[in-house]
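Asks: Residue numbers (full-length UniProt numbering), protein chains in the order written: chain S, 1 to 407; chain D, 1 to 407.
Because the hints were derived from the structure by calculation, they are not lab data.
These numbers were taken from a predicted model, which means no experiment stands behind them.
It is possible that part of the hints are untrue.
It does not matter which identical chain is used: a pair holds within one copy or between any two.
In silico BS3-like cross-links for lysine-lysine, where the CA-CA straight-line distance does not exceed 30 Å [to be verified]: (1) 149 with 237; (2) 58 with 47; (3) 156 with 117; (4) 237 with 140; (5) 140 with 282; (6) 237 with 143; (7) 58 with 266; (8) 143 with 90; (9) 266 with 143; (10) 140 with 213; (11) 234 with 143; (12) 304 with 156; (13) 237 with 213; (14) 143 with 213; (15) 234 with 140; (16) 306 with 386; (17) 63 with 38; (18) 386 with 156; (19) 234 with 393; (20) 266 with 213.
There are 2 protein chains.
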Amino acid sequence: MALIEIEKLSLEPAGDEEDVVDPWNVQSKNDAGIDYEKLIKRFGSSKIDDELLTRFEKLTGKKPHHWLRRGIFFSHRDVHVILNMYEQGKPFYLYTGRGPSSESMHLGHLIPFMFCKWLQDVFNVPQVIQLTDDEKSIWKDLKIEDAIKMSYNNAKDIIACGFNPEKTFIFSDLEHIGNNPAFYQNMIRIQRCVTFNQVRGIFGFGDSDPVAKISFPPTQAAPAFSSTFPFIFKGAKVNCLIPCAIDQDPYFRMSRDIAPRIGFPKPALIHSCFFPALQGSKTKMSASDSNSAIFLNDTPKQIKNKINKHAFSGGQATVEEHRTLGGNCEVDISYQWLRFFLEDDERLVELEKGYTAGEILTGELKKELIEVLQPLVAAHQERRSKITDEVVKQFMVPRDLGFIAKK
Amino acid sequence: MALIEIEKLSLEPAGDEEDVVDPWNVQSKNDAGIDYEKLIKRFGSSKIDDELLTRFEKLTGKKPHHWLRRGIFFSHRDVHVILNMYEQGKPFYLYTGRGPSSESMHLGHLIPFMFCKWLQDVFNVPQVIQLTDDEKSIWKDLKIEDAIKMSYNNAKDIIACGFNPEKTFIFSDLEHIGNNPAFYQNMIRIQRCVTFNQVRGIFGFGDSDPVAKISFPPTQAAPAFSSTFPFIFKGAKVNCLIPCAIDQDPYFRMSRDIAPRIGFPKPALIHSCFFPALQGSKTKMSASDSNSAIFLNDTPKQIKNKINKHAFSGGQATVEEHRTLGGNCEVDISYQWLRFFLEDDERLVELEKGYTAGEILTGELKKELIEVLQPLVAAHQERRSKITDEVVKQFMVPRDLGFIAKK
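Using the sequences and the hints given, assemble the complete structure.
Replies: Structural data, given as structure tokens:
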């Protein structure tokens, strides 16, 4: 009996009533934000359920990260395969990336990196981090030199998340592809397997898009195959796990489709939902609107002012009405952000109950959030201030990460 | 008064009555072969005329190569610009290339390299030679490793043409692009300037072609810009002259269109006509039909047999008819090949007159051709036998070629 592969490679365009989610646009039709249950069905991925979390805890002996417990990382492809490998003592590696920006990174940008750092600690595995400065130079029409500078600048914030320098390789596409023949060779192998029709279906490219855009998806796919990094994996075929926001899924659906055709295991995926903008959950936090985001270089005062001024409230029009009717946690940004950054489960439940019952006011939620974020951002800044150019270079040198392929 | 740029970027498809000439197909409608006058009009290039040749001789003090005198290199773009630079003591460089093959190279493949070697001697300039093993692996669905081997193998035949090792850089795309960040960066700069619509118009790509094909033209365009080779040109903007068969023109029409947008001079071009197959002038010599070509590793006996057996004759059905009616040099392959490889102008005129008048028989023309080609191929084999792997590596190391940008 043959198993039927039901994974969808090409995404039907979102219908009029559906949320728009692709690598360049995230826009919900509802105040409560993206309907992630629907998205799992549309994308053909799997929900992260209690069974998976129980298995994770049993195998690793570690309590799942609060982002797993709270459904912030909510969807996956083949994480069971990765856990099987771990169970059998077989190696895997982590891959994530970022399109670097000239502005400081914001809180939302930290999510995949903080989560990867945690996974790296739990599993003690190599991590590769791709900075797609080529993508940025294409989509934003930036000078190559400026895009590379952005990579180096953003690398400091990424390193400040605490990655193990012995096990982490960070690279700029614009610099590294010209320093690693295996990378360009894998780009060609991947480019051979995907047609213009397919990238049009997956990414929505059109006839008047530049060749640079059409060529880019294979560049993001290449690091999902261990042969791209011979200096790390020494020719071994190693499974890959990719934590990313769900909008990046199209790239890796394509990678998974290609994998067997180039003789490699399909990369596994673990998807996060979006970190909402201060103004509300309809879209994700954006670096281009400075009032929608808390940046990693914001001062305690800026953090306080932005939250007090802009954080969308789920409360009622007056204190009296709020006490009677209660607040709405689903749309309240302070509560939503606390779900991300307040680690104390009990306190989060208290706040949710209190706010919903009208006992806690929006101002109090905001105060709680400010008290969580001010030290978190300050600690990040403190760590980042110690990341010299020399440290960045260490992470960016193609090198042996001590990987040994076990049987 | 503004000059109007009439160069055609996108080629209208050949009409029903027109010759097909693109990088993958060459097919004439007539026995006498491609109508090159029409091709110059369709492509929008310029004819190499007596004025250009006179200027060439005056400036260089060298008699133009017999391929220039005989119209074998018959068309150009902006060669006057290159001669202006030479006149002013400004530098330029030569660029040509080849899609490597597993079989031995054949006589037709030598044309651009023999001509480049001569130009290098006349002008004493750097030469870069691109081996597009990535292209071959894409179009022929070859293993990457096999395509690279073909590059190394073909490099020996190219080096045997006599290039100056101090001034010549030969590279395999699959190896070199991953060893030269400037190359990938220029690929991105070029890819940004050309849309899918444009490559479809120029190269005839379709929606179900793989991304690899769509991405390739910028890879062939990159070496036409000196910033692709910082180790040779050290940041100087240096004009480029590209000798190639006319079927490669579409790549460089595209390069010329892009040049000003990335701040570089348009590469100049000098086009050869095709080296006809033994079977006749309707198409070019092809490596895939071993009876259509003389290979560089053919023995004297093979050369003799192939020519005697397969060379299309412009003669009449019987000796008597031939003596009366005369032969047709336009379609006779022995004569056509002698135009390429018999350097003695007077002898060539004698043969043409004698054959046309019916005094010389096809068998005699064949004999003359065999006597020209046997020593030519033997001498090539002799030179090639001395090209060790070590010598190939010397040519393929990215290195300083002693280039100094003059004012």
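Asks: With identical chains, the pair residue 237 and residue 143 could be close in the same copy or across copies; at 30 Å between alpha carbons, which is it: within, between, both, or neither?
Replies: between (36 Å within a copy, 18 Å between copies)
Asks: For residue 156 and residue 117, with the copy left unspecified, which applies at a CA distance of at most 30 Å: within, between, both, or neither?
Replies: Result: close within a single copy only, 14 Å intra versus 50 Å inter.
Asks: Evaluate residue 140 and residue 282 at a C-alpha cut-off of 30 Å and name the case that applies: within, between, both or neither.
Replies: within (24 Å within a copy, 48 Å between copies)
Asks: Between copies, within a copy, both or neither: which fits residue 234 and residue 140 at Cα up to 30 Å?
Replies: Between copies only: 28 Å across, 36 Å inside.
Asks: Checking residue 143 and residue 90: alpha-carbon separation at most 30 Å within a copy, between copies, both or neither?
Replies: between (42 Å within a copy, 29 Å between copies)
Asks: At most 30 Å between CA atoms: does that hold for residue 266 and residue 143 within a copy, between copies, both, or neither?
Replies: between (34 Å within a copy, 21 Å between copies)
Asks: Can you give me the call for residue 237 and residue 213, within, between, both or neither, at a CA distance of at most 30 Å?
Replies: Intra 29 Å, inter 27 Å, cutoff 30 Å: intra and inter.
Asks: Tell me, please, which holds for residue 140 and residue 213 at an alpha-carbon limit of 30 Å: within, between, both or neither?
Replies: both (11 Å within a copy, 24 Å between copies)
Asks: Cα distance capped at 30 Å. Does residue 234 pair with residue 143 within a copy, between copies, both, or neither?
Replies: For residue 234 and residue 143, the Cα distance is within 30 Å only across copies (19 Å; inside one copy 34 Å).
Asks: Is it within a copy, between copies, both, or neither that the alpha carbon of residue 237 lies no farther than 30 Å from that of residue 140?
Replies: The answer is between: 26 Å across copies meets 30 Å, while 35 Å in one copy does not.
Asks: Cα distance capped at 30 Å. Does residue 386 pair with residue 156 within a copy, between copies, both, or neither?
Replies: within (9 Å within a copy, 53 Å between copies)
Asks: Classify it for me, residue 306 with residue 386: is the Cα-Cα distance of at most 30 Å met within a copy, between copies, both or neither?
Replies: Intra 27 Å, inter 74 Å, cutoff 30 Å: intra-copy only.
Checked against the numbered hints listed earlier, the structure breaks none of them; every hint is satisfied.
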